[in-house]
Amino acid sequence: MSYLDLVQPTAGDRLAVRALKATARFLEDRIRLVSLVDFLASKPVPHDLNWAYTLGSVCLFLLANQIVTGVLLALYYRPAISEAYESVRHIEEEVTCGWLVRQLHAWGANLMILALCFHMARVLWYGSYKKPREINWLIGVGLLLATLTFGFTGYLLPWDQLSYWASKVGTEIPGALPVIGSVLVKVMRGGEEITGATVGRFYTLHTLVLPGIVLGLVFLHLAIMRYHGITALPGKEHSRKVPFFPHHVMKDAISIYLTLAVLYVLVVVSPWKLHEKADALVTPEGVKPEWYFLWMYQFIKYFPQQIGFMSGKVVGIVLSSGVFGLLALAPVLDFGEGRLIQQRKLFMSLALAVLLGVLSLTVLGYICERDISLLGTTIHFDIKGFPEKVTGK
Amino acid sequence: MDDSLNGLGSKKVSRKDFLDLAVAASAGLTAVGIGVPILTYIWPPLEVTTTAGQKVKIAGLKDITPVKAKAVMFNNKPVLVINTGDNFIALAATCPHLGCVVKWDEPAGKIMCPCHGAAFDIRGNVLGGPAPSPLVPVPLTKAADGIYLG
Ligand code: HEM
Ligand code: FES
Chain A
1 MSYLDLVQPT
11 AGDRLAVRAL
21 KATARFLEDR
31 IRLVSLVDFL
41 ASKPVPHDLN
51 WAYTLGSVCL
61 FLLANQIVTG
71 VLLALYYRPA
81 ISEAYESVRH
91 IEEEVTCGWL
101 VRQLHAWGAN
111 LMILALCFHM
121 ARVLWYGSYK
131 KPREINWLIG
141 VGLLLATLTF
151 GFTGYLLPWD
161 QLSYWASKVG
171 TEIPGALPVI
181 GSVLVKVMRG
191 GEEITGATVG
201 RFYTLHTLVL
211 PGIVLGLVFL
221 HLAIMRYHGI
231 TALPGKEHSR
241 KVPFFPHHVM
251 KDAISIYLTL
261 AVLYVLVVVS
271 PWKLHEKADA
281 LVTPEGVKPE
291 WYFLWMYQFI
301 KYFPQQIGFM
311 SGKVVGIVLS
321 SGVFGLLALA
331 PVLDFGEGRL
341 IQQRKLFMSL
351 ALAVLLGVLS
361 LTVLGYICER
371 DISLLGTTIH
381 FDIKGFPEKV
391 TGK
Chain B
1001 MDDSLNGLGS
1011 KKVSRKDFLD
1021 LAVAASAGLT
1031 AVGIGVPILT
1041 YIWPPLEVTT
1051 TAGQKVKIAG
1061 LKDITPVKAK
1071 AVMFNNKPVL
1081 VINTGDNFIA
1091 LAATCPHLGC
1101 VVKWDEPAGK
1111 IMCPCHGAAF
1121 DIRGNVLGGP
1131 APSPLVPVPL
1141 TKAADGIYLG
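Just so you know, the sequences run in chain order A and B. Per this note's numbering, the first sequence runs over residues 1 to 393. Per this note's numbering, the second sequence runs over residues 1001 to 1150.
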């Protein structure tokens, strides 16, 4: 018997192929499914797209991870302050693979925000938001804001000391705004303080409202992207095109598997701790928000109580929110036609300045109120991130 | 139809204009009808504080020795009760800066916020740091059997 005999289709194989073809024909005749898949898979993309073009798919993968693990968490999580903390502990300690599901969700959320930032950076770098893609860029900014809100609302749910106090301070910040401030705080908290009402609100946003918004926006985002076609690398607009499947899909898959590997390593090596249960009477030392809000939090600290007739806090809040405004306005500020960096020097310098500002504030926010040891010297950084006392050891 | 026969004067409201207006008005009314209940539903109802207008015992006279303090919950809000030696003082313990709960720092004789370093004297006046306003006093009564708030 030769090898060829082995790969000769058997009667069973032929039946399977016939059944598949019949199913495909059935679906094609009724909802044109085959044509649709064909349309999506054969989308011509430039052959020289680099790895940065896979970041959107990485975001998509991380979103899928959040949805699957989120639905699983919801099976055991209880959104009431008498039970929330205990139910998370139960998931971590008693539910089979509960720790894995919770950690995948917690780390996945952080990686997703990171991936969004990188994806945005690539769109910014290549000027891919220029006409006709301005609206899709705005949808992207909407996705970023929605994802940040996901992070903020999810952080409270375990109801431990860290989540309670980060949410308390976080909801207090918009309260400084004149007129609407107190209304905003009350609507966010469902009352004057962070209570069970707040958990109910955050849980509803986190599991019902935001997923709906994000899935809707992602659908629009991808549909518009397919409609326009992906941008070529700047200056290489006429490079050869290849079908999206399998060429680019393979690249996407490699990035996604790499992300999955990073995700699992983080989950196993550095799991998120559940701290002590929330206590409204005791604020722990060094309350800080999650890393992606640190830059705003740190920025506000540098404002004095009063600037002229305005509260310093308000000025800080408005200025730091301005970063999102700048982001939304990128297609307007960067108005030239060219997408090459040398054609966008002014705008790219502005973008770089804002990026450096945000990065340094994040670092300052991280090191402040902490002892950092380097080469045998321990330095304490004060609230504003200035080195305070040096204790040689 | 002759315009002069129209009682509304020279400006005749055509059937189409009228219907447009009617449709717009019903659409507006529907939006208000849907929107108002949703918005009022989202606005949190008045908090039912079981203790409204009522005095609540929070400690016995000997529970807080001088010069110590105790944090208690009163009407869902943290309150700091300090025994100054010759008197008791109760202050809302939520820091007016960003809402952390302040602590009595006995060795320093000050009230400190653990978050961004606001400092207050024993009466709640701002000594330093980012707090925009003093800590608000809470009415306190010292009775024979203990300390009451409210
Ligand atoms: C849930 C979040 C998001 C998902 C799942 C997502 C997904 C994707 C995918 C798969 C692509 C195809 C090209 C690529 O991968 O680079 C893409 C393109 C694009 N994304 Fe996103 N994205 C998200 C958020 C954002 C954000 C936050 C922005 C910017 C503010 C943004 C702006 C854009 C633009 C302008 C394009 C078109 C780029 C081009 O045609 O070259 N996206 N997105
Ligand atoms: S919350 Fe008290 S100093 Fe900031």
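I should point out that these hints are in silico values taken from the structure, not numbers from a laboratory. Note that this is a predicted model, so its numbers are computed, not measured. Ideal Cβ placement from N, Cα and C applies to all residues, glycine included. Keep in mind that the hints are not guaranteed to be accurate.
Stated by the list, open to error - Partner residues aside, some chain A positions facing chain B, computed with beta carbon under 10 Å:
#, residue
1, R30
2, R32
3, L145
4, R189
5, K301
6, F303
7, V315
To be verified - Straight-line distance between alpha carbons at most 20 Å, and here's what the computed SDA-like set of lysine to any residue pairs gives:
#, chain 1, residue 1, chain 2, residue 2
8, A, K186, B, V1036
9, B, K1070, B, R1123
10, B, K1110, A, P284
11, B, K1077, A, D279
Comparing the hints with the structure gives:
no.	hint	verdict
1	R30	violated (36 Å)
2	R32	violated (36 Å)
3	L145	violated (20 Å)
4	R189	holds (8 Å)
5	K301	holds (6 Å)
6	F303	holds (8 Å)
7	V315	violated (13 Å)
8	K186(A) <-> V1036(B)	holds (18 Å)
9	K1070(B) <-> R1123(B)	holds (15 Å)
10	K1110(B) <-> P284(A)	holds (18 Å)
11	K1077(B) <-> D279(A)	holds (12 Å)
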